[in-house]
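Fit chain B to the supplied structure of chain A, relying on the hints for placement.
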Amino acid sequence: METNGNIQKRKTDRVSVILWVLYCFFLALSIVLIVKICVLQFAWEPDQELVRYFQPKRYLQTEKPERGAIMDCNGKLLAISTPMYNINMDCTVRKEEFAMARTARRRDSLENDWKAKAWKLSQELPKVLVDDSKTAEDYYNLIISNRESNLKGRKNVPIAKGIDHETYLKLKELPLFNEGQFKSGMIKTEIETRQYPYGSLAGRVIGDVRINKENPEESRFVGIEGQYDYILHGKEGTQWMKRTDRGLIVDQDSAIVDVVHGQDIRTTLDIDIQDIADRALRSRIAEDEDIEGGCVVVMEVKTGAVKAMVNLQKNSKGELGENFNMAIGRPGEPGSIFKAVTLATLLEDGHVKLKTRIPTNHGKMNDLSKIKDDQYIKNWEREHNTDRISVLDGFKISSNYVFRRLVIDHYQDDPQDFTNRLYEYHLSDSYEFDLKERGGTSSKVHDSGSKYDLASTAIGYRVMETPLNMVMFYNAVANNGKLMKPYLIESFEVEGEKIKEFGPQILNGSIFSKATADTLTRALKMVTLEGTATRLKNAKCVVAGKTGTARMVLSPDELPTKKDRYVSINGERKYQATFVGFFPADEPKYTAIVAVYTKLTRASVYGGVIPALTFREIVDNLWSLDSTWGETFQARAKVPEMRPDYIGTRKGSSIPVPDVMGMGLKDAIYAIENNGYRCQYEGVGHVISQIPSAGQNCAKGELIKLVLK
Amino acid sequence: MKRIQWKAIGKAIGAFFISLGRGDLLLRMRVDKALPYILYAFLLGCISIWMSYRTEQTMLKVEKNNERLRTLKIHNAQMTYELVGLDRLSTVESMLKEMESEVAAPQKPADILK
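Protein sequences, first through last, are from chains A and B. Just so we're aligned: 631 in the working numbering is position 631 of the first sequence, and the numbers increase by one with no gaps anywhere. Just so we're aligned: 24 in the working numbering is position 24 of the second sequence, and the numbers increase by one with no gaps anywhere.
Just chain A, same shape as in the assembly (with noise of 0.2 Å):
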């Protein structure tokens, strides 16, 4: 018989065998588990097709930058960068996924409930797009046209093209849109675009770039968003992507190229002054037929500072528009508006006085027969009864005669000495501005040869220059003979932040002395008081100034006369008419100018008519709208200041009467009005008291009274 203790130890011996045995299963699995391990490791190539599956997929993904704002000199928008979408759709989405159901109830069931999505999406379409072109039906047959036709294009049917980011997510909510890209089958495309909200105001001068990329010699770069294309443009950031189970990420392991956004230009530009002087400019010439187009530039005199570049051109169809920046790519014959850089260098070589009185000799230069007579001594003769004209006479009737004896008297023995001056003042194209014009040409001095020639440059022939130059010249008068470089960017910036500042530059620091600038602003301001120039002599504050109407050369296709380059063989002419000056003349804040061409005509077009009147407006508003030039009061007594907590505009019936003690009777008005009361007043000047008292809250439309002193 086994003993109890032999049965145990059999017992554990099983046990201890049992457990052996799977000891040295899972060695062998464990040993098996390792050599493959290094097998794989160190000895086996995977099959790159199928390595692609079992690895996380990575993407290149390209950060394009963000394209800098342009701005003008107070940080107003003129050009800022926001997407547009165009939204396709794949019209046959889900077509087969149905087709694959296994009853022919359940297949016509998924399509027919997919249709009824469809068909809401339809209708809800024409609201969201704001699109009366096209009503429901229309895009219901679009989508189902598509769908069920063998079309090419059926998988990428437009719905919508260059909507706003608003527009697109109200797609986005709508019936069958909302279930997302690949059940809906909407395919969004995101443009980058340029907006300008200001929309063709100084669109010139902000101007545009449109890249051809066949061609990329075509490409087109156009004002500062050509010009500082590479400040404004950034440079684009690459990052890898990889997916995950839940989404993309960055893959922290790859090398990521940072993006470098396009920086901000601030420019000088202001553009409620660009508005004025758009607005002047444009109600002018518009109706005139005879009118090509027309440009405006307003400088500020301290700094240069260009603070509104106009350029009008009258398409085909008569359409104005910003096409050309003739301000700085259009020279021509400026005319009369050049006898100021005459009288300037007479004045200031010390050859004249403004009370230097020459004979008349009936407007007839004796030693240039080839010379017309001019008409305006004969006039001056018959009217004054005199044989003599002084300069300052001369300059106010713009008398041609006047500045041609003048120059030829003092400068025919060295002629080059009158045009280094010209050199002097900076009148050819020896600085460079900020922006190019496409095709445009620079300013130019001839040097005078004969008598002929000194005599039709000292009256602004024989001479290109542009409306900036000539600004620039006289903005150098307003500015006691210092000569200023004209600018027309302020900074660039990031975020803010000045990274480059750029600020006014002199060019000269006295092109002539300040005696000479006072003689010239008091015959420029004669010329506005008694002159030429007497449809500004009302205007809101004293303008010194000078008309010039130059006629142009005319090209080979507009049929000039053999004799006459100015003339066309039908009689026809064409003409520039400016007005340049500067205001107030006593204490000059702004200089501007206001250039008009014309087409071939036969009126008569003058400086002192349409680019003074222009010029005036320009005065008028810009007068009005600066508080720098407003009255001064002292206060004898604490005047409450206008707190914007109770000035609401809001509508409501519970809103407390505004504070309205102390404010003029314009401010309190719009002050209650905007607050739904009405109101009652008596006496002049600021509110003393008011009924019912500030702060109450009275039932809307009720009555305040107001008494002023």
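Treat each hint with caution, since some may be false.
[Stated by the list, open to error] Derived lysine to any residue pairs resembling SDA-like cross-links, with alpha carbons at most 25 Å apart:
1. 36(A) to 55(A)
2. 61(B) to 169(A)
3. 64(B) to 167(A)
4. 235(A) to 77(B)
5. 172(A) to 74(B)
These are calculated hints, taken from the structure and not from any lab test. Just so you know, these numbers come straight off a predicted model, no measurement behind them.
Relative to the frame of chain A, chain B by itself:
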């Protein structure tokens, strides 16, 4: 030159397999002394895996928030564009005219009270 102790090597290999067979190889190698370090290394491994997972989760959040930020920026730019357009002087004047408002552009510069 020293002779290679083939016998000793053979003995050691034999002992290795015997203890491997007996299941006390690790004890024989005194691995039990290093057990805390092994557990610590294991823990570190676990933490590393957990942190990778959390990093991935955070990166996903970052991506989602980036997308939200981008949408807001676009919305902001769009609204700015629309509002700036209304700020134009002539637009304001024409809107006031349409509303038949008495408010108009000033006819003279504002008076200054000092």
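* To do: Mind listing which of the numbered hints don't hold for this structure, in increasing order?
  => none
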